[in-house]
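*Asks:* Sequence:
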Amino acid sequence: YYEVDEESDNGSNVVPDERASSSWGDGTCRAINAKEFYQLVASKKNNETYIGEGPCVVDFWADWCGYCMQIDPYMKALAKKYKGKVQFYKVNADENEELLQLYGIDGLPTVFICNGEDIQMSSGYHSQAEFDKMIKEML
Numbered sequence: 014y015y016e017v018d019e020e021s022d023n024g025s026n027v028v029p030d031e032r033a034s035s036s037w038g039d040g041t042c043r044a045i046n047a048k049e050f051y052q053l054v055a056s057k058k059n060n061e062t063y064i065g066e067g068p069c070v071v072d073f074w075a076d077w078c079g080y081c082m083q084i085d086p087y088m089k090a091l092a093k094k095y096k097g098k099v100q101f102y103k104v105n106a107d108e109n110e111e112l113l114q115l116y117g118i119d120g121l122p123t124v125f126i127c128n129g130e131d132i133q134m135s136s137g138y139h140s141q142a143e144f145d146k147m148i149k150e151m152l
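With my numbering, the residue at position 116 of the sequence shown is 129, and numbering never jumps.
Hints in this document: simulated from the structure, not taken from any laboratory. All values derive from a computational prediction rather than experimental measurement. Glycine is no exception: its CB is placed at the ideal position from the N, C-alpha and C atoms. Don't take each hint at face value.
Estimated spans, in silico, between C-beta atoms of each pair [to be verified]: (1) Lys93 - Lys58: 30 to 40 Å; (2) Gly97 - Gly129: 11 to 21 Å; (3) Lys58 - Tyr138: 24 to 34 Å; (4) Tyr116 - Tyr80: 17 to 27 Å; (5) Asp107 - Gly137: 27 to 37 Å; (6) Asn59 - Gln141: 10 to 20 Å; (7) Trp77 - Gly97: 11 to 21 Å; (8) Gly67 - Ser135: 28 to 38 Å; (9) Glu108 - Asn60: 11 to 21 Å; (10) Lys58 - Ala142: 15 to 25 Å; (11) Ser56 - Ser140: 13 to 23 Å; (12) Asn60 - Gly120: 24 to 34 Å; (13) Met147 - Ala44: 27 to 37 Å; (14) Glu150 - Lys96: 27 to 37 Å.
Below 30 Å or equal to it, Euclidean Cα-Cα: the simulated BS3-like pairs (lysine-lysine) are [what the hints assert, rightly or not]: (15) Lys146 - Lys98; (16) Lys103 - Lys146; (17) Lys89 - Lys57; (18) Lys149 - Lys96; (19) Lys146 - Lys89; (20) Lys96 - Lys48; (21) Lys48 - Lys98; (22) Lys103 - Lys93; (23) Lys48 - Lys94; (24) Lys149 - Lys89; (25) Lys146 - Lys94; (26) Lys89 - Lys48; (27) Lys57 - Lys96; (28) Lys103 - Lys149; (29) Lys149 - Lys94; (30) Lys103 - Lys58; (31) Lys96 - Lys146; (32) Lys149 - Lys98; (33) Lys103 - Lys89; (34) Lys58 - Lys98; (35) Lys48 - Lys149; (36) Lys57 - Lys98; (37) Lys48 - Lys58.
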């Protein structure tokens, strides 16, 4: 994996995702893996501090999780609503178990709402209106 020397990092060491043709806050839910999470959301060394360039929502999901499938259209709609204001990421829990262990995630869906240096975690099902309220409060 890619590691950044956090004491000397000013953001210039972030390696761009070769798969992504999207730009920050483009109105989509961008799939990321653990390596990208450590570059875009929080590092392994300081995993409770958000390091991104602007507000973001991270949806931890799995295809076997019924509630995850229910909130997927909510996240897509909210990504469009907050285009240019909030970046939305999706993390496949089955493919990125180290993140679940690092954050003690034991239930899905789990959503991180990040702004400034804060990472707020919400687990379980919420309506689109409830997610919208959480995002508005974060902004």
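*Asks:* Can you give the numbers of the hints that this structure goes against, from lowest to highest?
*Replies:* Result: hints 5, 6, 7, 8, 10, 11, 12, 13 and 14 break, sorted rising.
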